[in-house]
Amino acid sequence: MTESILVNIDDKEVAVPKGTLVVDAAKRVDNDIPVFCYHPKLDPVGMCRMCLVEVGTPLRDKETGEMMFEENGQPTINWMPNLQTACTMVVSDGMCIRTTTSQVTRARKDVVEFLLTSHPLDCPVCDKGGECPLQNLTMSHGSSESRFLLEEKMNIEKHVPLGDLIFLDRERCIQCARCTRFQDELVGDSVIGFDERGRSLQIITHSDPGFDSYFSGNTTDICPVGALTTTDFRFGARPWELAHTPSVCPHCPVGCNLHINTRRSGQDGNWSIKRVMPRQNEQVNEIWICDKGRFGHHFVNNSDRLTAPMVRRHGELVETSWDVALGLVSEKLQSSNGSIAGIAGERLSNEDLFAFRNLIQVNEGSVSQWPGLLGGGDLVQKVGVGVDTDLAKLGSDTAILVIASDLSEEAPLWWFKVRQAATKLGASLDKSRAALIVANARETKLDKIAKYCVRYNYGDEVRTILALSHAVSDGNTGIMGSIAANDNDDVIAAAKAISAAKNLIIIYGGEGQSYAASNALAQACSNLLIAKGNVGKKDNGLIPVWTHCNTQGAWDMGVKPAGVSATEFVADADVILLAGADPVGDGEPLPENSFVVVSELFKTKTAISADVVLPAQAFVEREGSYTTGDRRVQRFYPALPCSENVLPDWEIFQRIANEMGVGDVSAGPAAVMRQISLQVPQYRDISYENLAAVEEQWPDIGGEDSYYGGTGFQNTGGLGVQTLSLIESGFSVSPGDVDPIGLATGELLGVPVTVLYDRGSTFVKSEIMNSRISDPYIEINVGDALTHNVTDGDMVSLILNGKERELIARVSNDVPQGAVLIPRSMDGPMLRGVVPVNINTIDHGSKE
Amino acid sequence: MTEYLLLRHRNRGEENIADLDTYLSLGGFEAYERVVTTMTPQEVIDIVKASGLRGRGGAGFPTGVKWSFLSDRFPRYVVANSDESEPGTFKDREIMEQNPFQFLEGLMICAYAAQAEVAYNYCRGEFWELTQVLESKVRQLNDRGLLGRRIFDTDYSLQINHHLGAGAYICGEESALLESIEGKLGQPRLKPPFPADRGLYQLPTVVNNTETLTNVPLIISRGPEWYKSIGTEKSCGPKIMCLSGHAKHPGNYETPLGITFRELIFDLAGGIRDDKALKAIMPSGASAPFLPASDEVLDTPLTYEDIPKIGSQLGSASIILLDETVDISWAALKTMKFFEHESCGKCTPCREGTYWMYHLLGRINSDKAEQADVDLLGEVAQQVVGKCLCPLGDFATSAVFSGIELFQQDFNLHIATAVNGKDDSNTK
Amino acid sequence: MSSNTANQTLRTRYSAEVKDILKRYPDDQKRSAVMPLLFLSQKEGLQATVSVMSEIAQILDISITQVASIVGFYTLYYSHSGGKNRIQICTDLPCALRGADDFADKVCEKLGVKLGETTEDGEFTVESVMCLAACDKAPMFQVQNGDGITYHERQTISDVQAVIEQLGNAEIDKSPEGAE
Ligand SMILES: Cc1cc2nc3c(=O)[nH]c(=O)nc-3n(C[C@H](O)[C@H](O)[C@H](O)COP(=O)(O)O)c2cc1C
Ligand code: SF4
Ligand code: FES
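Keeping their order, the protein sequence lines are chains H, S and U.
So that you can map any letter, position 43 of the first sequence is 43 in this note's numbering, and since no number is skipped, the others follow by simple counting.
So that you can map any letter, position 108 of the second sequence is 108 in this note's numbering, and since no number is skipped, the others follow by simple counting.
So that you can map any letter, position 76 of the third sequence is 76 in this note's numbering, and since no number is skipped, the others follow by simple counting.
Careful, some of the hints might be misleading.
Covered stretches of chain U, going by a simulated chain S footprint (3 or more residues, C-beta under 8 Å) [claimed, not checked]:
#, region
1, 68-82
2, 93-101
3, 126-135
4, 145-156
Honestly, the hints are just simulated from the structure, not real lab data.
Cβ atoms here follow ideal geometry from the backbone N, Cα and C, with glycine treated the same way.
Chain H on its own, in the form it takes in the complex (with noise of 0.2 Å):
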């Protein structure tokens, strides 16, 4: 704990931790000291001048140290001559604060009249109209009339598109850098500047695209005043006209919390998403989210959603009754003897996945998850990360390992969190840095700010587990080593942060790796994790980068990968039930005389060959939780009213449950969280009222003074709950066997890979991301592009498992020699593990 020391603001004393700034001990008081620069979560940079205060200290004796008191027995009070910035001072013992004198009241009135001298008044028609801290500052410390002339005022471009995602509007800026300072600090992607100086000094950016940072979109949030702003919420609404709406996001296992705001427009009547803000939740994404969620909803009101119910007729399918299309799944269902298989996606909420799964047994069918690609979820149940750790407040005291995992593509909101922890740029008055650990076959983000790397061929990922346990526990790698990593000395050096460290994470991903091999490496990692007693409690155990958003909630539903392709798992199924599941589209065939039952939100190839398609609810239309990679269960909530024809998946199941006699439809989501939390051991204290309790947290982000913090909104909707793991709740755990899966071999491998911006049915519809996400691609070694004669940028064929497809070839320095790195969702074939590949040259001769 730190101390905590006495200070006087406004002749109210207030106990605060040693090294608390002024502005914050202030704001612990509520006393809002107006700022512009001054970001919690931003190192203090002292230069906008609004936070001005008369600061005094006790005086001492010069030579005994001791205070000295006035007569009337107060200690006597050396108040500086001139006002100081109460954003960088940090407070002293018995230090006082004047916030309300007229020498102050004077300061705050000067500044916001310097920065009006340059700024525009177009408050009715700024975005940031309503909640801007500089309109409000006006409002209370300005002065009414302009002792500026007019014609001296800047005169500047007001629309400059900084990429397609952000609008900077140059005059409004007022040099605060929030923005710059966000990018560099917490970020790393300096790709916005301050161009000139002096007056002139204005934002930029240089890089293709422009801005081009998966973070953006928080610049606006943070900006305090309508300088930058997103492309899709530009003169959309006045923020007052807005409906607000809790949510999570639906794109990867972080969980980030969202704010959805909502309209109804005035010549439709529709109610649609103006724009998606982050929700503070500390431990989770604290007040930030990526721009995949933030721009990546426009899916919802996609024309290719299905509307109605849907069976097959003579060939053809036709809308439906719900009863009609029910009843015929049931029987089906009834006369199937068990030959059922069912097949859910990731993306589902936990009540859809129990559901699907109760329906599913109770007949007697088999289940699986999809696409299902990574293994370990059942040890990420026993050994997963201890409750309330934050990974960006791990300490020197704590090492991190990611392994096979492209975190900043993956889990945007981890890789900010463990850069946070491995470089503690920012506000953190904790300066202690963890120990990052990137071991991966090809160059990550994150090697940038690891301490130790350590590379090994794709397939060698178990072994490298195992050469590093080795190295831990006697000092050396023996024969594994030499297997295992390039490197026996990054291993050697690896281990012994690792010994050294009090705590252990562990990230594991699923690059390059098959089902098998990626549950052999959660294996050999919790084993590393148990044999070193970094498991059971905070800031040690095991996060798994899931390639969805409830990925975790499947596992814990009972809804399992099969470790085969959706193909085999349904073989022999006479009828088969898929719900947010598109195995058709990725090239995963179902077998043409079974029974095929879908419910999607699109038109998928899957649905499009189906015999029953039910239409199914968005995130935004319902309600739902998810659990994250981290095990935290979370609320998501109804932004957008749907159309009644148009159902929840769980309800869908449990009407089918209904329709056969098996179960009773239950009168809402809740009610289905009680039966999970009756019968999933680690929900037993899961409930929809204790996920949806808050409490305060700091900092105190987005209340009325939107200037502190930003406009990123305040959590009313529930903070979530996680679960406990299992050897948190007093199970035992001991170490399993690991089975180094054998290399495959071949001259080229291709190895999937995950990248943020993919053509994933979810995001590729949203229009306003497509010139960020690239056509399809493959991306090949320099020295296999040479002796393949394929240069930068050419289409090449890939030839895979016999069959072949046409891609972009990206030649990079990155890609180890002999692997072709195949992203997931690009519309290219998706990989069920490394295997061998062919490429080819298409000759474009005759094209000119």
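Chain H is already provided as a structure; the job is to place chains S and U with the ligands on it using the hints.
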């Protein structure tokens, strides 16, 4: 009257001390050798402390004390501040041209005292030619083993690099200078932490002005007592006074601290050009208040302690003389143009205030102003002063405050014209 | 996206200089070299073009925007094109007290341009600049071009004439060599 110690010291005859052999033959680098081979860093710091040497870059901070503040982390750096961009300052350049080795020797002694193995000399970009020459001098020192590894067969190693600025006055401010070496915008950092704790690359760093460093070899070779005997008790040693503007013979005058304005201007520099009357003095370039040319002012000694008593600063002694023909509101406009151009833009009052004051002064000088504009000018200056991140903002207000206070008639003249011209503009 | 199509001029034509510059700074502080590299790039022309900036960004492993910020902040770097020679006359207060404003007007007249403009042949840009630490030798100016920066002090208008001619001729003198 005086012995030259900084500019043409050693150069009794016609010797060219910018030549290494000549410099060596006249006892150059003996102090450095003595320091490196026989003294501990602490002993060097103590001698410099005892000498009373104060920084010549403007603030006049005791140099030895600054060196003793270095926090206990390594590596450390030493940086010579040769950014010299204050209007009216041109002494560091002349030192580096005439007496480069004494300056480098001072820098090297400072580096030893700070236990730094790398030193940078930050020269303003316009000193491009001079820097080429200095770089070749540094190469010579490397060749002679005075720089490099294991100097004088001790464990001490030192490397001197040059870093060129590129046209930004604010880079003379030490923390902005360090940012500039780091390849960033030259914007000042918050203080504290001071460079001695978190300087270049966040490591302990000493930043000293070129002239300050050039004093150091003298102090080592002749002793602190000798040094203290020059000048006044609180302002010891020789100082180069840069005299510009309407002096009959402008130029650098090296004198002991404590000579009076009158002695400098009339005895040494021949008085005022064309024997006009002196109207005002800007004793510290653009940054400090005007002084009226009264007897009291002229008889004030040029010291760190005396000039503040009459309302201005010694700064780096960049003394600009303004004769009776000068309109002080015009001088203020020129000054403000400089600050408006050089404001780094980091903090609001300076960024906006210098721009606004520049425009008001422009309006006044083009006879379009009213009394209210002059009043507003004073108010804007009041909004700036004491509220900025670094001293530049305060500097910018000096000419406004003192100009309006001491030379109100000059401003009034423009307003009179403006009022007279009013009908004129109405008919247009 | 950023394929390796960037300029290679510094790395091929000035590889020794680049190496020498990088040696002045610690290995993990390469960014420090951005200013010297920008000066080096001026040998090929004063303007810091996008391709120049992107090469420097690549050498130093920083973003182009970071290089562009430096170009924007410091006045001796140029993001826009101008004359081959920049004649920069100090008109700050000390020089102005000794006739610098008048002198600047005359130089402009001589070259047939206004302050800030470039001659039609693209040879000269005339600018007024802030104090250059030569106040006792006013009027004075500096010339910045591909060869660096040179001071010209205690100038008369005929001195300027000579400088202009010499700079103009320098080009002409060079051309036979270049023609080979
Ligand atoms: C705006 C500003 C400009 C400055 N310019 C210079 C300068 O050109 N040269 C210099 O030596 N010091 C300059 N200084 C002072 C430096 O910040 C610093 O105090 C000095 O280099 C310390 O060296 P000294 O102790 O030897 O004087 C400037 C300060 C400010 C605030
Ligand atoms: S006072 Fe001026 S120069 Fe100093 S930080 Fe502020 S803007 Fe920059
Ligand atoms: S200076 Fe304190 S908030 Fe900007």
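Out of the numbered hints, which ones does the structure contradict? Hints that this structure does not satisfy do not exist here, as all of them hold.
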